[in-house]
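J.: Sequence:
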Amino acid sequence: MSYLLDSNTLIEAKNRYYQMRFCPGYWTWLTRTKEAGRLASVESVSTELRRGNDELAQWVTTQANLFLPESDEATQGAFAQIAAHIAGQAAIMKVGALEEFLGGADPWLIAKARVTGHTVVTHERLDANNRRKFLIPNVCAHYGVECINTFDMLDRLDARFVLAD
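The UniProt record's numbering numbers the first residue of the sequence shown as 1 and each following residue consecutively.
One thing to keep in mind: the hints can contain errors.
[Said to hold, decoys possible] So the derived label-pair ranges between C-beta atoms look like this:
hint: 1; residue 1: Asp155; residue 2: Asn15; range: 14 to 24 angstroms
hint: 2; residue 1: Ala83; residue 2: Ile11; range: 42 to 52 angstroms
hint: 3; residue 1: Ala87; residue 2: Ile11; range: 24 to 34 angstroms
hint: 4; residue 1: Ala91; residue 2: Gln58; range: 36 to 46 angstroms
hint: 5; residue 1: Gly25; residue 2: Ala90; range: 21 to 31 angstroms
hint: 6; residue 1: Gly96; residue 2: Glu146; range: 25 to 35 angstroms
hint: 7; residue 1: Ala164; residue 2: Gly103; range: 39 to 49 angstroms
Don't read these hints as lab results, they were simulated from the structure.
For glycine and all other residues, C-beta sits at the position ideal for the given N, C-alpha and C.
The task is simple: from the sequences and hints, build the whole structure.
T.: So this is what it looks like as C-alpha cells:
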C-alpha cells in the first residue's frame, strides 16, 4: 500500500508534534519511505507548501521526487470527474466552497489517488453533514478512495522513531 500526503499533514507535523528542530527523525523517515516507493504527494501540494517562508518550504524544495505530476491523461480525467461531481454539489454548500476546493491541491490529490490506488492521508475528517467546505474524506468516500490520518499511516507502515544515545 502506498500513501499520498495532503499538505495539512506536513504543516501540522512541522508546527506541532514533529517539528524539524526536535524530531528530525520524522522527516528522515518521510524521505526514506518516499525512496522506498511507499509515500508521495502531488505537485499542487508542493506548490502550496513552497508559498510559505519557513523550514517546511525549504524542505519541500529538496524533495522534488516526492511530488507526483498531475499532467498525465488519467489524472486529468479523474480531476474532471471530481470537478463535475463537486460542481453538482455546490448549491448546498457555503458560497465560495466550490472555487476554494477546485483552486487548491485537494482535487488533484484525490484524482491521483483514484488513478494510482494510493490511500490519501489527511487530518480532515469525514463529515457528511458539512456544508462549509468540501472535505477530502467526503469526496474520497464518494469515489471509494481510502482516506486515513497521519497516525494510522505511521502505524500501518510500522514507523519507529527511537532516541539515540
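J.: Does each hint hold? Answer for all of them.
T.: The hints, checked one at a time:
no.: 1; hint: Asp155 / Asn15: 14 to 24 angstroms; verdict: holds, 22 angstroms
no.: 2; hint: Ala83 / Ile11: 42 to 52 angstroms; verdict: violated, 24 angstroms
no.: 3; hint: Ala87 / Ile11: 24 to 34 angstroms; verdict: holds, 27 angstroms
no.: 4; hint: Ala91 / Gln58: 36 to 46 angstroms; verdict: holds, 42 angstroms
no.: 5; hint: Gly25 / Ala90: 21 to 31 angstroms; verdict: violated, 43 angstroms
no.: 6; hint: Gly96 / Glu146: 25 to 35 angstroms; verdict: holds, 29 angstroms
no.: 7; hint: Ala164 / Gly103: 39 to 49 angstroms; verdict: holds, 43 angstroms
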